[in-house]
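Chains A and B supply the protein sequences, listed in that same order. Numbering of the first sequence is given in this note's numbering, commencing with residue 173 and proceeding in unit increments. Numbering of the second sequence is given in this note's numbering, commencing with residue 274 and proceeding in unit increments.
In case anyone wonders, no lab produced these hints; they're calculated from the structure. Don't take every hint at face value.
Taking lysine to any residue pairs in the SDA-like style, the calculated list, with each CA pair at most 20 Å apart, reads [unchecked claim]: (1) Lys-350(B) x Asn-205(A); (2) Lys-317(B) x Asp-204(A); (3) Lys-350(B) x Ile-219(A); (4) Lys-350(B) x Glu-225(A); (5) Lys-339(B) x Ala-233(A); (6) Lys-336(B) x Lys-401(B); (7) Lys-350(B) x Arg-229(A); (8) Lys-317(B) x Asn-205(A); (9) Lys-475(B) x Ala-233(A); (10) Lys-339(B) x Asp-235(A); (11) Lys-350(B) x Ala-233(A); (12) Lys-317(B) x His-208(A); (13) Lys-317(B) x Arg-213(A); (14) Lys-339(B) x Phe-265(A).
What follows is a set of in silico ranges between Cβ atoms, one per label pair, in the way DEER data are often shown [unchecked claim]: (15) Glu-426(B) x Gly-267(A): 30 to 36 Å; (16) Gly-267(A) x Gly-438(B): 35 to 41 Å; (17) Pro-425(B) x Glu-225(A): 23 to 29 Å; (18) Glu-225(A) x Ala-465(B): 19 to 25 Å; (19) Glu-266(A) x Pro-343(B): 29 to 35 Å; (20) Arg-245(A) x Gly-281(B): 21 to 27 Å; (21) Lys-475(B) x Asp-234(A): 30 to 36 Å; (22) Arg-444(B) x Thr-264(A): 36 to 42 Å; (23) Gly-281(B) x Glu-266(A): 27 to 33 Å; (24) Arg-213(A) x Gly-281(B): 23 to 29 Å; (25) Gln-478(B) x Phe-224(A): 23 to 29 Å; (26) Val-408(B) x Ala-226(A): 17 to 23 Å; (27) Val-408(B) x Arg-213(A): 40 to 46 Å.
Every residue, glycine too, gets a C-beta built ideally from N, C-alpha and C.
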Amino acid sequence: MWITTRSAVCLLLIPAAAVAGLTSESQRDRDDNVLHVVLPRDAIPAISSPEFEAAARAPLADDELVIGIVGEREQRAYSTWQLDRHEIVNDTFEGRPVAVTW
Amino acid sequence: MYAREVGGQVLSFGVSGMLFRDGLVMYDRETDTLWTQVDGQAIKGALAGRTLEIVPSVHATWKQWKQLYPESLVLRKRGMPRSAYAAYNRDRNRAGILGRRVRDTRLAAKERIIGVRTAAAAAAFLEKDVREARVVHADVGSMPVVLIAAGPETPVVTFDRRLAGRVLSFRLAEGAPEVLEDHETGSRWSLADGRARSGPLKGAQLERAPAYPAFWFGWLGYFPGTELWKR
Numbered sequence: 173m174w175i176t177t178r179s180a181v182c183l184l185l186i187p188a189a190a191v192a193g194l195t196s197e198s199q200r201d202r203d204d205n206v207l208h209v210v211l212p213r214d215a216i217p218a219i220s221s222p223e224f225e226a227a228a229r230a231p232l233a234d235d236e237l238v239i240g241i242v243g244e245r246e247q248r249a250y251s252t253w254q255l256d257r258h259e260i261v262n263d264t265f266e267g268r269p270v271a272v273t274w
Numbered sequence: 274m275y276a277r278e279v280g281g282q283v284l285s286f287g288v289s290g291m292l293f294r295d296g297l298v299m300y301d302r303e304t305d306t307l308w309t310q311v312d313g314q315a316i317k318g319a320l321a322g323r324t325l326e327i328v329p330s331v332h333a334t335w336k337q338w339k340q341l342y343p344e345s346l347v348l349r350k351r352g353m354p355r356s357a358y359a360a361y362n363r364d365r366n367r368a369g370i371l372g373r374r375v376r377d378t379r380l381a382a383k384e385r386i387i388g389v390r391t392a393a394a395a396a397a398f399l400e401k402d403v404r405e406a407r408v409v410h411a412d413v414g415s416m417p418v419v420l421i422a423a424g425p426e427t428p429v430v431t432f433d434r435r436l437a438g439r440v441l442s443f444r445l446a447e448g449a450p451e452v453l454e455d456h457e458t459g460s461r462w463s464l465a466d467g468r469a470r471s472g473p474l475k476g477a478q479l480e481r482a483p484a485y486p487a488f489w490f491g492w493l494g495y496f497p498g499t500e501l502w503k504r
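Here chain A stands alone, though its shape is the one from the complex (with noise of 0.2 Å):
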């Protein structure tokens, strides 16, 4: 989940010293306009050769999230958990070019 997830990758992540900086009023208000860098390029890796099942074999959990495209022909889901560990699928869906994110 994008706001969620990237605040817990940091959470995860990073010493609690190192955000200790960002505790007053004003430089949270400067930081409302800022980017953060906190993680390299590409630590978390995008999907770009998307691989996909039947839904009737897949090894997905009753609860589990899923993020779905519902075309004229077709649907796929993409496992919110699975994003969790790549946070964006470059696919093509129905010949439309599309990035599912998180």
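Position chain B relative to chain A; hints supplied.
Leaving out everything else, chain B in the frame of chain A:
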């Protein structure tokens, strides 16, 4: 979900490792432009100022999804990971690493909402209220929308209510799960794909409205002027 084509060029995105307002920042491999994932804006680089076109998506649990779309395909899973963020998602006191102050007190920071947006407007709907109401009609800016929670086992789906110059309103069809009926013509619509299956509008297609599940604080970071729907 976004279209990857911008000005005739197909882009391929990667994870920049940066955050903007607690949200993921993507980069494209073709122009090295930075894009915010939440609202699809190019904020730095050759394509700065451009906006990605939204592709409306459905958000559901697996159980809900496969009931509506049993013939669908699923991104192949490697291993069987659980969510890496289950604990974070449950913790009401952790609202993002940057610690931005949430000045808006209409809802608690981590209330789960469904956000609907257009190019010019944004509205938030408390998910539990939508599930209780089951059918919600609202206007997001100039876009009349309907949010439908047919039952606990179906996802909340959101459609644009405009069809060929008229605005429709809906109810759940009695005794028929996953079927909608419009008040104006009595046509019956499939919840799964938004197509009219019978009645005067048979064959017509509703467009999905861009809707996403989010935490209230996250939505506010990008859409501070958002409206909040009240029951």
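Open item on the list: Checking one constraint from the list: CA of Lys-339(B) to CA of Asp-235(A), max 20 Å. Satisfied?
Closed with: holds (12 Å)
Open item on the list: For Lys-317(B) and Arg-213(A), compute the direct alpha-carbon distance and say whether it is at most 20 Å.
Closed with: Distance ~15 Å between Lys-317(B) and Arg-213(A) Cα, so the pair holds.
- [ ] Please work out if Lys-475(B) and Ala-233(A) have their alpha carbons no farther apart than 20 Å.
- [x] Not satisfied, since the Cα-Cα distance of roughly 36 Å exceeds 20 Å.
- [ ] Take a quick look at whether Lys-317(B) and Asn-205(A) sit within 20 Å of each other, Cα to Cα.
- [x] holds (12 Å)
TODO: Below or equal to 20 Å on CA atoms is what counts here, so check Lys-317(B) against His-208(A).
DONE: Given pair Lys-317(B), His-208(A) holds - Cα atoms ~13 Å apart, limit 20 Å.
Task: Assessment of proposed distance window 30 to 36 Å (beta carbons of Lys-475(B), Asp-234(A)) - done: Distance hint for Lys-475(B), Asp-234(A) holds at roughly 34 Å.
Open item on the list: The hint says 40 to 46 Å between Val-408(B) and Arg-213(A); measuring C-beta to C-beta, is that right?
Closed with: holds (45 Å)
Open item on the list: Just to be careful, I want the Cα atoms of Lys-339(B) and Phe-265(A) compared with a cutoff of 20 Å; is the pair within it?
Closed with: holds (19 Å)
Open item on the list: Hint check: Lys-350(B) vs Glu-225(A), CA-CA at most 20 Å. Holds or violated?
Closed with: OK: Lys-350(B) and Glu-225(A) at ~9 Å, within 20 Å.
Open item on the list: Given a hint of 17 to 23 Å, does the C-beta separation of Val-408(B) and Ala-226(A) actually sit inside it?
Closed with: About 32 Å separates the Cβ atoms of Val-408(B) and Ala-226(A), which means 17 to 23 Å is violated.
- [ ] Can you let me know if the beta-carbon spacing of Gly-267(A) and Gly-438(B) is within 35 to 41 Å?
- [x] violated (29 Å)
- [ ] Given the hint of 21 to 27 Å, check if Arg-245(A) and Gly-281(B) actually sit that far apart at their C-beta atoms.
- [x] holds (25 Å)
Consistency note: the structure conflicts with the earlier hints numbered 1, 9, 16, 19, 23, 26.
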